[in-house]
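Residue numbers (the numbering used here), protein chains in the order written: chain A, 520 to 621; chain B, 139 to 328; chain C, 70 to 713.
FYI, nobody ran anything at the bench for these hints, they're computed from the structure.
Each hint can be trusted.
Here are the computed lysine-lysine pairs in the BS3-like style, where the Cα-Cα straight-line distance is at most 25 Å: (1) A:K606 x B:K323; (2) B:K317 x A:K606; (3) C:K430 x C:K603; (4) C:K229 x C:K180; (5) C:K621 x C:K632; (6) C:K591 x C:K436; (7) C:K435 x C:K509; (8) C:K621 x C:K229; (9) A:K606 x B:K325; (10) B:K163 x A:K606; (11) C:K591 x C:K509; (12) C:K586 x C:K509.
Source: prediction; values computed, not measured.
Here's the letter readout for the chains.
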Amino acid sequence: MMEITLSHYLILSTILFAIGLVGVLKRTNLLMLFFATEILLNAVNIGFAAISRYYGDLTGQMFAFFVIAIAASEVAVGLGLLIIWFKRSGDIDLTSMTSMKG
Amino acid sequence: MFEAIAFYLFAFLTIVMFSVTVFTKQALYALTALAAGMIFISAFYFLLGADFLGAVQIIVYTGAVMALYAFGMMFFDTTRNVKEYGRSPQIIFLLSGMIALLIVIIFVVPIVSENITAIYPVIEGVGNSQAVGMVLFTKYLIPFEVAAVMLLVAMIAGIVLAGKKMDYSLTLMEDEEIKLAEESKEKALS
Amino acid sequence: MEFYLYLALFSPLVGSLVAGLFGARPKTLLTGLFTSTLLFTALVSSTILLVHILDGGDIIHVELMTWMATGDLYIPFGFVVDQVSVVMMMVVTLVSTVVHIYSIGYMDHDKGFNRFFSYLSAFVFSMMILVMSDNFAGLFIGWEGVGLCSWLLIGFWYHKESATWAANEAFIMNRIADLAMLIGMFLIYWTTGSLQYDIAFAEFAHVDVETLTTIGIFLFIGAMGKSAQFPLHTWLADAMEGPTPVSALIHAATMVTAGVYLVVRANPLYDLIPDVGYFIASLGAFVAMFAASMALVNRDMKRIIAYSTLSQLGYMFVAAGLGAYWVALFHLMAHAFFKALLFLGAGNVMHAMDDELDPFKMGGLKKHMKWTWIMMTLASVALAGIYPLAGFFSKDLILEVAFVEHHYILYAVLLITAMMTAFYSFRLISLIFHGTERHKQHGFHPHETYTFVLIAMSPLAILALVAGFLFKGSYIEMVTTLLPATEYHIHSPIVFWIMTIGTQLLVGLSIAYAYRKYEHAKIDKKIEDNFFYKLLINQWYIPHFYEEYITKPYRELSMIAWKQVDLKIVDASVDGIANIFYKTGEATHNMQDGNLSTMLRWMVAGTAVLLILAVAFTTGYLMLLLAFIVGYLYVNRLRREYVR
Chain A
520 MMEITLSHYL
530 ILSTILFAIG
540 LVGVLKRTNL
550 LMLFFATEIL
560 LNAVNIGFAA
570 ISRYYGDLTG
580 QMFAFFVIAI
590 AASEVAVGLG
600 LLIIWFKRSG
610 DIDLTSMTSM
620 KG
Chain B
139 MFEAIAFYLF
149 AFLTIVMFSV
159 TVFTKQALYA
169 LTALAAGMIF
179 ISAFYFLLGA
189 DFLGAVQIIV
199 YTGAVMALYA
209 FGMMFFDTTR
219 NVKEYGRSPQ
229 IIFLLSGMIA
239 LLIVIIFVVP
249 IVSENITAIY
259 PVIEGVGNSQ
269 AVGMVLFTKY
279 LIPFEVAAVM
289 LLVAMIAGIV
299 LAGKKMDYSL
309 TLMEDEEIKL
319 AEESKEKALS
Chain C
70 MEFYLYLALF
80 SPLVGSLVAG
90 LFGARPKTLL
100 TGLFTSTLLF
110 TALVSSTILL
120 VHILDGGDII
130 HVELMTWMAT
140 GDLYIPFGFV
150 VDQVSVVMMM
160 VVTLVSTVVH
170 IYSIGYMDHD
180 KGFNRFFSYL
190 SAFVFSMMIL
200 VMSDNFAGLF
210 IGWEGVGLCS
220 WLLIGFWYHK
230 ESATWAANEA
240 FIMNRIADLA
250 MLIGMFLIYW
260 TTGSLQYDIA
270 FAEFAHVDVE
280 TLTTIGIFLF
290 IGAMGKSAQF
300 PLHTWLADAM
310 EGPTPVSALI
320 HAATMVTAGV
330 YLVVRANPLY
340 DLIPDVGYFI
350 ASLGAFVAMF
360 AASMALVNRD
370 MKRIIAYSTL
380 SQLGYMFVAA
390 GLGAYWVALF
400 HLMAHAFFKA
410 LLFLGAGNVM
420 HAMDDELDPF
430 KMGGLKKHMK
440 WTWIMMTLAS
450 VALAGIYPLA
460 GFFSKDLILE
470 VAFVEHHYIL
480 YAVLLITAMM
490 TAFYSFRLIS
500 LIFHGTERHK
510 QHGFHPHETY
520 TFVLIAMSPL
530 AILALVAGFL
540 FKGSYIEMVT
550 TLLPATEYHI
560 HSPIVFWIMT
570 IGTQLLVGLS
580 IAYAYRKYEH
590 AKIDKKIEDN
600 FFYKLLINQW
610 YIPHFYEEYI
620 TKPYRELSMI
630 AWKQVDLKIV
640 DASVDGIANI
650 FYKTGEATHN
660 MQDGNLSTML
670 RWMVAGTAVL
680 LILAVAFTTG
690 YLMLLLAFIV
700 GYLYVNRLRR
710 EYVR
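The shape of chain A in the complex, shown without the other chains (with noise of 0.2 Å):
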């Protein structure tokens, strides 16, 4: 109990990534969704760098500081294009985005 171990990191890595999910699947604002997307991948990069610390091996930090990467990117165009489309729709709700009906 007192011994954290690699097992304790990856269950609070798999907690998170649990409440990502289903801000994920709950949320139906944009931008909530975003922030459940940050978790998500927060979530993951706990993961890595456990693995890391736990194997010695530097890989799993890099990949975390590529998901950093991605996860900035993502927010700079995804911002984007939420303000876009909010000044069209004045509404950034997913229920009111169903033009890809199919």
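Using the hints provided, position chains B and C relative to the given structure of chain A.
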């Protein structure tokens, strides 16, 4: 002992913060909780000896990403509650819980962990930042450059997308006002 | 010399292609003249080659290019001009030149004038490939080429139901035989490793008799189809639906003799299997008599001549089957001349009588069509085998062969057939040209055809007259360098003279009888009610038999295959597969409601399923079962929710 206390404390804090982010109806609460959660996550990196990653986490998320969000928020009416049309929370929790369980199974049942060998082992005798730099600029040089280009592209894209018609609000102004504003601008240009 | 070979081979092709360019245009005389000129060029080239070979020149063997070369299989486009093929080339080019010029007159008012010449020249090209090829594969190309052109030309007046039917009949019957021929060719390749004549024939000496017999039989079935031997004979009479020049060229002089040519060409094979040869001879004799019997009573001018062709082909097969290949080839040549002449004469008569074919409605045409009368009579005399015309030298020779080889039954059959031949030939001549002018009641105004047409026909007439006694000597000398040079002489001069004079007398009597009986063209009711008459006029009920017992059951089988197999099994399964997708799409399309949230949920559901599978495959199959159940429940719930 210290490590264990720190781990449980930050684990509790991150879970709470992220839960707030996910479940709150106030956009500002969510934003603040997310920022807090990000900083708490960096604590794990420090605990894991990934000092550089922790620093990057704080800089990128609190510094850059949250600033971006704040900018984004300016466009929205954040005083009101976020309206959401949620449907059947059971399924959501069931699915998420299930996936979490499965991932735990995958990691805890020693399927993956058995075969891991260090490809780029931690370099002894140097600090974490130095070690990261050595790997990043040798083995991961090309991905690093590509990521840099990607960030540049994303930046330009963000500017172009958000910067259009920055000088008037499409939501608060009436259509005619916008039209008038555009016309006057055109006149000024010509 | 190679130049002349290529000239002879390719000038018909050039003519055909050029005429084909004008195919859809209205009549242009130029196409007729152009193709005829090229055909004449081919004739001249062939003649030069013939002279070369006659002078004892070398056999010309060229290889134009490689056609197939894979592994051990090597088939070139090789052509050979030897003593046999040069005879065929002469026959083909000569008759086709005459027919081309004749057709300019005959097809004068036809809308498809240009098309006709294109087909006709294409036929000649195919026939040249057939006779000149130095291997079985090339022969087969020509074989199929003439089949195709025959189909095109029989069905030339395609707006006529009967013409298209006859064309298809000929084509299908030939396909049946060609299948056997292909099998024969495969067997040759299988046993000898080559399709080149010289290599394959040299190898045959080391092959066991059973295999050779099989090969011989299969090749002969191919020959039976092309030469319309029993039981594949019905198409030839029906092929008379085509224009008359076509009948003269294809269905009398050249294409139908391709079967005989094949047997002659494959003589080293048939020499090794005398039993098959004897079968060929017997079938030939049977067909000779069988066809002649149908010609006795028929009331269609062209059909009578067609049956006569069939009968003469039977003669050729008798000779070829008994090993007298040069005799068969000689009769082939002589027959080509006088039979083509007979057909062309019949064409003149048809032209004069507005395409009337029943000789009982003619009579007395001698007055109006003097030259046609002379030529047709000449051809008929030649056909009957009266000295000194061509038929005597070739046909009586076949009788002698049968006698010398001690096949007295065959000899008797052929002798009777010779009498029948004389009878029906002169029955026709008598009905058409002599007696009272019955056509007047039907309102015909017969007239002689164009002079240039008659001039074009004259070479054939001259050849029918003199081909026998002028060319026989040099022909034998030339051909026997390649073919087995067996002499057929009846040793006792008394027997020889008795036989020759006896045959001549019998034939003469038949002619006289035919003249007497049909001069007044009385239709004898009593004979028409006779059982044998009915049997013969209905062609021994063979077409009827085919219709009843082959065509109809086949049609019913096809109906079953269509209604039961195709519609209910094949179509149904294809439609079923399509329907599965269609229904799936129908049932699930409201999943795609365009909402990102929904898509995310589906994505997560998919991830869950994949994770389940990952876990299941690594931990055990019990989990897999569980996973499926859980997954199914989820998906079902999700679906229900979105349907709502």
